[in-house]
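*Asks:* Spelled out from the first residue to the last, the chains are:
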Amino acid sequence: MVLIPVIILERGIKLSGQTIIEKILSSHSGQTARAGDIVIANVDLVMGQDGTSPLAIRAFNDMGGREVFDPEKVAMVIDHSAPSPNEGVSALHKLMREFAEEKKIKLYDIGEGVCHQLMPESGRVGPGKLVVGADSHTCTYGALNAFSTGVGSTDLAGAMISGKMWFKVPETIKFVCEGKLPERVYAKDLILYLIGDVTADGATYKAAEYTGQAVKALSIEGRMTMANMAIEMGAKAGLMEADEKTFRWLKQYSDEKFTPVTADADAEYAEIRRYDVSSLEPQVAMPHRVDNVTGVSQVAGTPIQQAVIGTCTNGRLEDLRAAASILEGRKIHPKVRLIVAPASKRIYLEAIKEGILQVLVEAGAAVVTPGCGPCVGTHNGIPSDGENVISTANRNFKGRMGNSSANIFLASPATVAASALAGEIADPREF
Amino acid sequence: MKLSGEAHKFDLNDINTDYIISGKYKFKTLDMKELAKHVMEDLDPDFYSKIKTGDFIVAGSNFGCGSSREQAPLAIKNAGISAVLAKSFARIFYRNAINTGLPVVECDTDKIEHGDRLEVDLSAGVVRNISKNLEIKARPLPEVMIKILNDGGLAPHFRKYGGFQIY
Ligand code: SF4
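As you go down the protein sequences, you meet chains A and B in turn. Count the first sequence with our numbering and you get residues 1 to 431, in order. Count the second sequence with our numbering and you get residues 1 to 167, in order.
Okay, chain A solo, but in the shape it has when bound (with noise of 0.2 angstroms):
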């Protein structure tokens, strides 16, 4: 019997280990904070997108705001409607670019890819830093050890200019994922399923920690598209250990010295959830739920008339080399479309160099500019009535794409490269 060591305070009460992001809370609040707790923790990164950034700037105005408390501490990225559609967007776009200026912040624009790879990619995030994007996805960095949220335009405005923002320290739910995933099957798959298995608000007000070998044995691109997802079930963040992977994916990036932040053995969990992952099958999430997930082979035969590779989610080189592998040498199929947004301009240039791109294009890939591509509806692909279209983002919500009468199945890369070829949602393994 393992036992677990308890530390008794004065008064009696028995207090257990911190979770990551309670420590991660307690470094940034100064005080120990604990589940329930409501603490003002400083922030070191601020990030909007231009969706939210003009809101934000509004509201900065409006709270009397005069400089950002740390220019080096925020930064906005142009991406979601990426070159501009219309005169609508370019007059906020224009917004972004003169605020930026004013106060002296990082402004990423058109063409440098989406935020949430942006950011990383930056040397700005790494373990046990705190970051706020006023985007639901910023959740993403937890694969890097860090604890950042996606909040609204006028908290941000907030942060920005007060450097910092009062949290809710959540419970956490700990996924532990053992085994090792089958040939062609992913991180996209796994966290599909857990999604499926938790539903799209079972951890809502909660943090996801995601453990156990099958993670542990993920690139830091799979794990970011773990992390990524753990909006989709509500959570506030999904949030992984650092290791040697972590820290020599950083070592491109940044020179800091990042101090990995663990989670006590004894530690209070909401839950705990165990996982052998050794018989996942490829998984496909159905519209108009993320959470509406099956196994490929349920839904393989429906006719698809887009694919979309791309979006924060798996717009990575390794996502747009799982594709290449299927395509090589292979022709989409006649009736179906394929968009391939690259995350970044990095990936962009690192996929120009390793010859996918175009393998990506011989095989019929229209690839557009780094950003969000069609994924938000904006822009760049907007699927026509009744059509199906399958794609390696993280929403399938009705009316995402821009068209309320579309269907968006949400799968692998792999698998999204597959049904390209086939015209239909196909299995990827037999490819």
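Hints are not guaranteed to be accurate.
To be verified - Capping the alpha-carbon separation at 16 angstroms, the derived lysine to aspartate or glutamate pairs in EDC-like fashion look like this: (1) Lys-9(B) x Asp-46(B); (2) Lys-104(A) x Glu-67(A); (3) Lys-251(A) x Glu-121(A); (4) Lys-52(B) x Glu-119(B); (5) Lys-28(B) x Glu-87(A); (6) Lys-398(A) x Glu-41(B); (7) Lys-398(A) x Asp-42(B); (8) Lys-398(A) x Asp-44(B); (9) Lys-398(A) x Asp-291(A); (10) Lys-103(A) x Glu-72(A); (11) Lys-168(A) x Glu-143(B); (12) Lys-174(A) x Glu-268(A); (13) Lys-160(B) x Asp-62(A); (14) Lys-132(B) x Asp-108(B); (15) Lys-174(A) x Glu-67(A); (16) Lys-9(B) x Asp-31(B).
The set of hints was computed from the structure by calculation and includes no laboratory data.
Starting from the structure of chain A, add chain B with the ligand where the hints point.
*Replies:* Frame of chain A; chain B with the ligand shown alone:
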């Protein structure tokens, strides 16, 4: 603060921010009155024209899940809705609603039907269903949120205190 109006019931869980206001509109403009015309349109194309100022949106659990778009609570507020009542809310929406001054009430919405007349007493944490002669208890807001809501939202709160003043 006491609010009164009629219930517009959406008998659904997980009403996401794309339903509340589609991304295709929110990226185009900062004109919230314009956005308000499209509120909930994928669930009910005529919804905007049915609202009388002061009315309530009533829904199931996990209301407002999905994106961080603050245009969601703002579109609801600018359409004349005085509060949203749901069994539970997604956390970013919940924060955004309070920050922009839209009251959100967590309560058992099974006791409310479409068209019921309601009275919501925010400080007492009580929803009165006048049509059914029922009283429904609401889950109290965390104190920090009451403070921000009482100041009219986070912007007025910051103007008043120059930063967070929540203890
Ligand atoms: S790629 Fe899609 S989900 Fe990711 S930030 Fe862009 S719009 Fe949001």
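*Asks:* Hinted pair, alpha-carbon criterion (16 angstroms max): Lys-398(A), Glu-41(B). Please report holds or violated.
*Replies:* Given pair Lys-398(A), Glu-41(B) holds - Cα atoms ~11 angstroms apart, limit 16 angstroms.
*Asks:* Check the hint pairing Lys-398(A) with Asp-44(B) against an upper bound of 16 angstroms on the C-alpha distance.
*Replies:* holds, 13 angstroms
*Asks:* Is Lys-168(A) close enough to Glu-143(B), meaning Cα to Cα at most 16 angstroms?
*Replies:* Holds, because 11 angstroms separates the two Cα atoms, which is no more than 16 angstroms.
*Asks:* Assess, step by step, whether the Cα of Lys-103(A) is no farther than 16 angstroms from the Cα of Glu-72(A), and give holds or violated.
*Replies:* holds, 10 angstroms
*Asks:* Compare the distance between the alpha carbons of Lys-9(B) and Asp-46(B) with 16 angstroms, and conclude whether the hinted pair is satisfied.
*Replies:* holds, 14 angstroms
*Asks:* Quickly compare the C-alpha distance for Lys-174(A) and Glu-268(A) to 16 angstroms and report which way the hint goes.
*Replies:* The given pair, whose Cα atoms are some 10 angstroms apart, holds under the 16 angstroms limit.
*Asks:* With a cut-off of 16 angstroms on the C-alpha distance, tell me whether Lys-160(B) and Asp-62(A) pass.
*Replies:* Holds. Lys-160(B) to Asp-62(A) sits at ~12 angstroms (cutoff 16 angstroms).
*Asks:* Would you mind confirming whether the straight-line C-alpha gap from Lys-251(A) to Glu-121(A) stays at or under 16 angstroms?
*Replies:* Status holds; Cα separation ~10 angstroms.
*Asks:* For Lys-104(A) and Glu-67(A), compute the direct alpha-carbon distance and say whether it is at most 16 angstroms.
*Replies:* holds, 9 angstroms
*Asks:* Has the given pair, Lys-52(B) with Glu-119(B), been kept, meaning a C-alpha gap of at most 16 angstroms?
*Replies:* holds, 15 angstroms
*Asks:* Compare the distance between the alpha carbons of Lys-174(A) and Glu-67(A) with 16 angstroms, and conclude whether the hinted pair is satisfied.
*Replies:* Given that 16 angstroms is the threshold and the Cα spacing comes to 40 angstroms, the pair is violated.
*Asks:* Straight-line Cα separation of Lys-28(B) and Glu-87(A) no greater than 16 angstroms?
*Replies:* OK: Lys-28(B) and Glu-87(A) at ~8 angstroms, within 16 angstroms.
This entry does not satisfy hints 15 and 16, going by the numbered hints stated previously.
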